[in-house]
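K.L.:
Make a model of the complete structure from these sequences and hints.
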Amino acid sequence: MTSFIEKIKNNKIKFIFYFTAVLFLIFFFASIMLSHGNLMKNYLFANQENTFMDFFNSMYDVIGLRPYEKGVIYPPLCYLIYYALILFSTPEQLAVENGEMLKTFQGPMVSFMLYSIIIVLSFVFLTLKMKKGSNKEKYLFITLMMFSIPFLFAFERGNIILVSFILLLVFMCFKDSENKVLREIALIGLAASAAIKIYPAIFGLILVKEKRWLDIFRVITYGLILFVLPFLFFGGLETFKLFFYNILHTSNEFSTTVVANKMNFVAYIDFLVRGFHLGDTDLGFIGRICVIILVVASIINLLRTDNNFIRILLLTLLMIGIPGISFTYAVVFLSIPLIYFLDSKEKRKIDYLYLVLFILIMFPCPFAILERGDIAHFYYTFSTSSTIMATAIVAMTLLANIDVFASKGKKKLQK
Numbered sequence: 008m009t010s011f012i013e014k015i016k017n018n019k020i021k022f023i024f025y026f027t028a029v030l031f032l033i034f035f036f037a038s039i040m041l042s043h044g045n046l047m048k049n050y051l052f053a054n055q056e057n058t059f060m061d062f063f064n065s066m067y068d069v070i071g072l073r074p075y076e077k078g079v080i081y082p083p084l085c086y087l088i089y090y091a092l093i094l095f096s097t098p099e100q101l102a103v104e105n106g107e108m109l110k111t112f113q114g115p116m117v118s119f120m121l122y123s124i125i126i127v128l129s130f131v132f133l134t135l136k137m138k139k140g141s142n143k144e145k146y147l148f149i150t151l152m153m154f155s156i157p158f159l160f161a162f163e164r165g166n167i168i169l170v171s172f173i174l175l176l177v178f179m180c181f182k183d184s185e186n187k188v189l190r191e192i193a194l195i196g197l198a199a200s201a202a203i204k205i206y207p208a209i210f211g212l213i214l215v216k217e218k219r220w221l222d223i224f225r226v227i228t229y230g231l232i233l234f235v236l237p238f239l240f241f242g243g244l245e246t247f248k249l250f251f252y253n254i255l256h257t258s259n260e261f262s263t264t265v266v267a268n269k270m271n272f273v274a275y276i277d278f279l280v281r282g283f284h285l286g287d288t289d290l291g292f293i294g295r296i297c298v299i300i301l302v303v304a305s306i307i308n309l310l311r312t313d314n315n316f317i318r319i320l321l322l323t324l325l326m327i328g329i330p331g332i333s334f335t336y337a338v339v340f341l342s343i344p345l346i347y348f349l350d351s352k353e354k355r356k357i358d359y360l361y362l363v364l365f366i367l368i369m370f371p372c373p374f375a376i377l378e379r380g381d382i383a384h385f386y387y388t389f390s391t392s393s394t395i396m397a398t399a400i401v402a403m404t405l406l407a408n409i410d411v412f413a414s415k416g417k418k419k420l421q422k
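Residue 8 is where the sequence shown starts when you use the numbering used here, and the numbers rise one by one after that.
By construction, these hints were calculated from the structure, which means they are not laboratory data. Accuracy of the hints is not assured; some may be wrong.
[Stated by the list, open to error] Once the Cα atoms are required to be at most 30 Å apart in a straight line, the calculated DSS-like pairs of lysine-lysine come out as:
id : residue 1 : residue 2
1  : Lys14     : Lys145
2  : Lys352    : Lys136
3  : Lys354    : Lys182
4  : Lys418    : Lys19
5  : Lys136    : Lys19
6  : Lys356    : Lys418
7  : Lys218    : Lys418
8  : Lys218    : Lys352
P.N.:
Shown next as structure tokens:
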């Protein structure tokens, strides 16, 4: 143990990261205990009476195999998974009126337990494969991630984003494997991750950058199969049309009415406009133009840069920042570039800025406990915790772009 601590101390970036993360988490859990759980709403979803909502509501929606008639917006592969869980745990004669009722029965709760255990074990296995360093450091990193705000938020909501995240980890772990079978599994992992949450498809730009055209064709093929075929279980082509109708209407309505815990760029701009009472100005429109410029610049720079960490970071930040429905749980994907960041042998002064931003995004900032408010306050506004996270995400996106521009400019000057 002493040698492990000494090794960490010799790497200032790692030492600050692990020390601060542990300190923040100790403070977080102590404050939660002292408040008898009341402060949890400062960091997690404000509605404390309907936990695991996304999981059990989705299980309920798939009963009868007509989920899209209820206005849902998940791709069909998600409901195929939920239907399998229904078959595993819910007798046909079990009559339920809503997702909350499912939580009162043994079968669905056991399904959720097994689902969560599989996700945790998969994350441990894949991170041990992907992360460099000693086993002690790997297990410390895994533990810290499991207790980070994005992961706690995702588990508390029971959101299927964790399955998409695990499948993307499969891609990142095995995409360069010498084993052909593992490489193929990696491509299927990327396709399945995108078939569940759509936006992980942006990681296909890694294959574009590496000019792996045949792999790109296979990913697209797998993606179409995994996205389109499951519609046959839920009504066929008519359901396909209904899905897109729900995306355009239900999704838009939800994204404009729910404010809390959003991490996307446009929501952050709207928050600033409202916060500074700038609604009567053109700043909202100007802000959206700035977001478009930032997104385009990020795509160009991730294709230009030779720095693997920056490329993965920009891909992840775009995946968090672009979708209209992007909440705290989407930040679980940021653990992927964090692995690359901590494992990077080359350390630069700018890395300390990345370090601070990673800590502010992933871990519960102690300042958030100072906020007081009821459920309505936390549901319809940006909380202190969400404000810190969203600000750090935008700042990190700007920093990564500046980093690429500066690096390219420096190389030109050296020539």
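K.L.:
Does each hint hold? Answer for all of them.
P.N.:
Here is how each hint holds up against the structure:
no.	hint	in the structure
1	Lys14 x Lys145	13 Å, holds
2	Lys352 x Lys136	18 Å, holds
3	Lys354 x Lys182	26 Å, holds
4	Lys418 x Lys19	27 Å, holds
5	Lys136 x Lys19	24 Å, holds
6	Lys356 x Lys418	17 Å, holds
7	Lys218 x Lys418	24 Å, holds
8	Lys218 x Lys352	26 Å, holds
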